[in-house]
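4 protein chains.
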Amino acid sequence: METINIGMVGYKFMGKAHSHAYRDLPMFFPKSLRPEMKVICGRNLEGVAEAAAQFGWQEYTTDWKELLKRDDIDLIDINAPSDVHKEITIAAAEAGKHVFCEKPLALTLKDSREMLDVVEKAGVKHMVGFNYRFTPAVMLAKKLIEEGRLGDIYHFRGWFLQDWIVDPEFPLVWRLQKEVAGSGSHGDLGAHLIDMAHYLIGDIKEVIGMNETFIKERPLPAEMSGLSAKGSKESAKGPVTVDDATLFLARFENGALGSFEATRFASGHRSTNSFEINGSKGSVIFDFERMNELQVYFVDDKEDVQGFRRVLATDAPHAYAEVWWPSGHTIGYEHTFIHSIVELMDAFNEDRQPVPNFRDGVKCQQVLEAVDLSIDKRRWVTVSEL
Amino acid sequence: METINIGMVGYKFMGKAHSHAYRDLPMFFPKSLRPEMKVICGRNLEGVAEAAAQFGWQEYTTDWKELLKRDDIDLIDINAPSDVHKEITIAAAEAGKHVFCEKPLALTLKDSREMLDVVEKAGVKHMVGFNYRFTPAVMLAKKLIEEGRLGDIYHFRGWFLQDWIVDPEFPLVWRLQKEVAGSGSHGDLGAHLIDMAHYLIGDIKEVIGMNETFIKERPLPAEMSGLSAKGSKESAKGPVTVDDATLFLARFENGALGSFEATRFASGHRSTNSFEINGSKGSVIFDFERMNELQVYFVDDKEDVQGFRRVLATDAPHAYAEVWWPSGHTIGYEHTFIHSIVELMDAFNEDRQPVPNFRDGVKCQQVLEAVDLSIDKRRWVTVSEL
Amino acid sequence: METINIGMVGYKFMGKAHSHAYRDLPMFFPKSLRPEMKVICGRNLEGVAEAAAQFGWQEYTTDWKELLKRDDIDLIDINAPSDVHKEITIAAAEAGKHVFCEKPLALTLKDSREMLDVVEKAGVKHMVGFNYRFTPAVMLAKKLIEEGRLGDIYHFRGWFLQDWIVDPEFPLVWRLQKEVAGSGSHGDLGAHLIDMAHYLIGDIKEVIGMNETFIKERPLPAEMSGLSAKGSKESAKGPVTVDDATLFLARFENGALGSFEATRFASGHRSTNSFEINGSKGSVIFDFERMNELQVYFVDDKEDVQGFRRVLATDAPHAYAEVWWPSGHTIGYEHTFIHSIVELMDAFNEDRQPVPNFRDGVKCQQVLEAVDLSIDKRRWVTVSEL
Amino acid sequence: METINIGMVGYKFMGKAHSHAYRDLPMFFPKSLRPEMKVICGRNLEGVAEAAAQFGWQEYTTDWKELLKRDDIDLIDINAPSDVHKEITIAAAEAGKHVFCEKPLALTLKDSREMLDVVEKAGVKHMVGFNYRFTPAVMLAKKLIEEGRLGDIYHFRGWFLQDWIVDPEFPLVWRLQKEVAGSGSHGDLGAHLIDMAHYLIGDIKEVIGMNETFIKERPLPAEMSGLSAKGSKESAKGPVTVDDATLFLARFENGALGSFEATRFASGHRSTNSFEINGSKGSVIFDFERMNELQVYFVDDKEDVQGFRRVLATDAPHAYAEVWWPSGHTIGYEHTFIHSIVELMDAFNEDRQPVPNFRDGVKCQQVLEAVDLSIDKRRWVTVSEL
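Protein chains in written order, with my numbering: chain A, 1133 to 1518; chain B, 1133 to 1518; chain C, 1133 to 1518; chain D, 1133 to 1518.
Chain A on its own, in the form it takes in the complex (with noise of 0.2 Å):
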């Protein structure tokens, strides 16, 4: 069996949850091609040192170029925060190396074009990390829609609602500074949303957008790790440059029309990733708390006994499911990472792209980009324009 041997630069949130995905891959999709875990890299000794022992990895090191310069690494996930993807994506690829980068791919849709240039050039794989689009419900949704059991398509909403950041006293961690996360809620829920938008109902037009942010200063703070940090009242405090939500409406390509909302300060939701889509023939809604289940919905069933379906994608005909438990035994939110490295794994397998790739990184910066031009400018934008 062929194997793809892996040097992944991060090890924080999203190094946990991309190791677990290589590590689960063989056991439950043996006729895969099998990632080998073989180094990790991080900033601190101590902590990648450990995150290798945890994870799995059968070597740490402290500088990613090194990697770079091993001929048994074929390929190079990036998980490290999203200010260096760009430096590591094109030192990468030029050297040859295939690459998994997180979303977003950079801070600017200039820098994520440029990466793009940089991979095609070189001719290597190339992945971006929207692991939702790998949920079985979600491709439930995606299978009805192609198939045209929805119809023409009238409507998306999209709402990713979070609320961890509703305390004032909540500390200016680094995703509340716009020089290292690039934006706010906007690029890191957005993002998703957007990509979730492009890849069921296909290209946007234009769009207008409004954003804020509640809490202008914070406390700096005393300590952080990965998602968790604590501040205290005493602490001094700095700017928050970051948005608290984004809204923006949308228009696509093929008419229909688009709602989406980003906000971490929706008290209640701890990660609401939803979405509804309305067609001609029929409708479909999810909800990411909830992610083993698509809400189904058709115009043409018998009269007396019309109604949203609670469907359970668990079952033998939806994606995955042979591969997992019983029907109605649920899985949770790293499957999706799995399911995006089987794709992965499958691209090498047959020797094509992996879908998402570069392609989709780039486009979801661009809309990205043409909502906050839009903001800026106070008027609708066309995606094309950038």
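Calculated from the structure, these hints are not laboratory results.
Take the hints with a grain of salt, since some may be wrong.
Since copy identity is lost for identical chains, a pair holds within one copy or between any two.
[What the hints assert, rightly or not] Derived DSSO-like pairs: lysine-lysine, alpha-carbon spacing no greater than 30 Å straight-line:
| no. | residue 1 | residue 2 |
| --- | --- | --- |
| 1 | K1197 | K1274 |
| 2 | K1337 | K1201 |
| 3 | K1369 | K1310 |
| 4 | K1337 | K1348 |
| 5 | K1369 | K1413 |
| 6 | K1413 | K1274 |
| 7 | K1144 | K1197 |
| 8 | K1275 | K1434 |
| 9 | K1348 | K1310 |
Got chain A sorted already, so can you dock chains B, C and D onto it with the hints?
Positioned in the frame of chain A, the structure of chains B, C and D alone reads:
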């Protein structure tokens, strides 16, 4: 347009519900016979006078026997406390009056059978107040079963959960006293479940039950009105003589298995009156707190989109929908009474017995007592034993 | 007991809803002033005669001007088609009659402002038919906000989704014709969302919208009555001149962000009239299809049991609950009209303007037109521009 | 870091679930003792070899006795078919091996008691596979009860509904044969409910049950693998010798009333493993199809905002949440097994018996047989009779 002249005994909660139904009927069902709100009767002169004015009755009286003597009264509507149902019914029928009696018909099976005998011998029309049958979503369940769309029925699961006496300081109201109320949760709530099962599934063959009175003594009520009452910690206490909760298992004549639970100790459930039915071709789930909805599942749905549908029974194909509001605009509790009266008026118009009638009332009482006997004897009881 | 004498113009769907409210009010709110159902008016003699008999009006007429001449009419209730609201309102006010007018006040902001001027100059009482405010669960949301229990408000999300014209063969009824209806989903459904936002959050500062007519031509209707109509594939076609869907973003004066969507093309949604509000201390979610419920979340709930609560607004602490049915027994659509009339009668009793009144109607119209202007001009529009 | 060497017997569905748990544990619980996946055993050489490679076991064998002879095996994990549990357990314990045995311990109470005696005499550790206890939302329910936050417990309602054999042509697999499976829905599904009740409420005093085999004969299976099988209409038929559904009522030692239902004939329910508990201070509702959620109600919530809360047990205060994903990102079925192994490893580390252990397995079996006896004798059976 022919009218049916009504004399009503009782003017509290149920009197209000019935009065409203008579009052609303001509407006929404103009082709129905018209109930004429002639006389309302109650023991307290001031109370019944006020009720007459408020509810819209032409006259009032404190002597129900008076109603029986008048030629201009066609039907006696009895919603006074259960312990007087029998006497009034028998006198009314013997006076040639038709009878609409609230459930339970009487405090005992023996008494309810006597009542049935009398009304049948008198040749009058008789109806019993199982209003939940007249919920459009329930009528959809009935239709699906009758048309064979659920196939052979395997399971009936009924649960009626309330929590109004969870507080041990809630006073000893008449509903907690056996001599007035007959029984507690069993006769009050369980009776509705049993009638629902009779309506939807058919006859019950045998039962075994259990019950409990969790709070054995309660403060005597300082004041009491309708369903509300107030006690105090200082009040003297008296014994609760009815069941707080009754559960039973049942086997239906058609082979289906039944599970029934009625309780007033289900914290958080104001009035969860629910059932689920599973058949070889499909299932339905109902909850009266969302009375406009029926969850419906079909075994033969396309394999990749199987799931319970939330059907809103407010559309044209559903019962009574055309007289009410536009699709998606819901109706409430009181409408079940209006629909009951439509059936009663239709029975007059078509010169037949209304359904449900005293036969249904007796059948329900028979199961109630079979359950009680099974609890006393700690064994299965065949319903036909009684 | 004082009475208010009503003359009503209109006798279709809304006429029925209003009539029922007048009819039911004295029974459930006996301490309220009593609306006297004097005269109903409609253009079709046979139709209005039948409506008078069915709904319980003492007299009927085909000439609304007749109502204004009578001394025994105190208030004119206008629920005729929107294009006649203005003329009747102005004439009524000038005749010294109080006015209860269905939404929208008029087809244009200019007209509605003129109507407001006239009623204010005339010194009569004026109310507008935003009935959804009078849903007990909505009133709970209002109470939580007013008591500061949701904290600072960050988000209002409103969506009113219907699907009654998804079928492209559904005929070109008057609601799809701009000259009669004024607008489509925007004025019909969006208006309710806007009023809800005004009621719960406050004034809107600026908006930007988009809209679409998905089906541009439809068969001319063969017959039409109330909300129902029939067409046929063979019918000649005419242009749809109103919007099928309108979405807009908004910024409120208090800094909250708003998202609004009204559509008649959301397959599977019969009448999903919903909103969600997120504040610094809590959130609420409402859906009129489950109108007795409000989902409520509090940030300060104990850490291990945080979550949205499903509150059933049928208990004693909730608005109007004491006059309706026992806890857990739900009410329906029509009750929002009864509660509206309670407010109207209370305003008479307390000699004040009812709320919502024409000021609210104008304010709603102002936002509707600001959205339309933003669509025409493809830019943000400050509401105060209009 | 100390390791525990595992020898596992069984390699089908449960073998996969257990293997994955051993494999994942060190990554997510690095401070736990480390299970070493030494040897996997199965009857079919080719099958077990493939499983070893796929699941990550170091060695494989077809002779389970071999495992007992090796000094480098500390614990025998038994998830082979139920009819061999006893023999392997006894031999293992007598060889000084610790035992982790899937439920049910054995086909009879007598056998399971013998197993308990042997493991206790041998002084080895013993655990039984009631994995559902280890769902974080269930552990929240346990915590609420133990801290007295639900008050006195009045009701336990458990239902485990599946529908995988509703089709009468589904073949006669081993799970439908008494001699291999012991019982049908009762031992397979009901056993989980009983253990859940023991865990959450306490001991059961007495029971009465009923059961049914709706489809008495089924086609003999043409092929069969794990949980899946195929039959054909042409196949010869054989008798189903287990129950399709078993229901029972129970009284707990603490006075609570219990209602239990296990069925494989609930069309539409893939695997609805649910319970509800009502206490004097609150209630909880759980459904394993939404395993990350617990519905929680408190009697003492402020009067106007009482209602069941949907608590997502993915936050910091919830069990195991800190090792998994960010708040709002859910886990799945397999995690219950990982958590089970954490408990097993902790028991080694703290040198105590794991919980649940064989005492819990025996107690569950005792109730199962008490129910069976109550069905045979058609009377209440006191659990301590057996």
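Which of the stated hints cannot be reconciled with the structure, identified by number in ascending sequence? 1, 2
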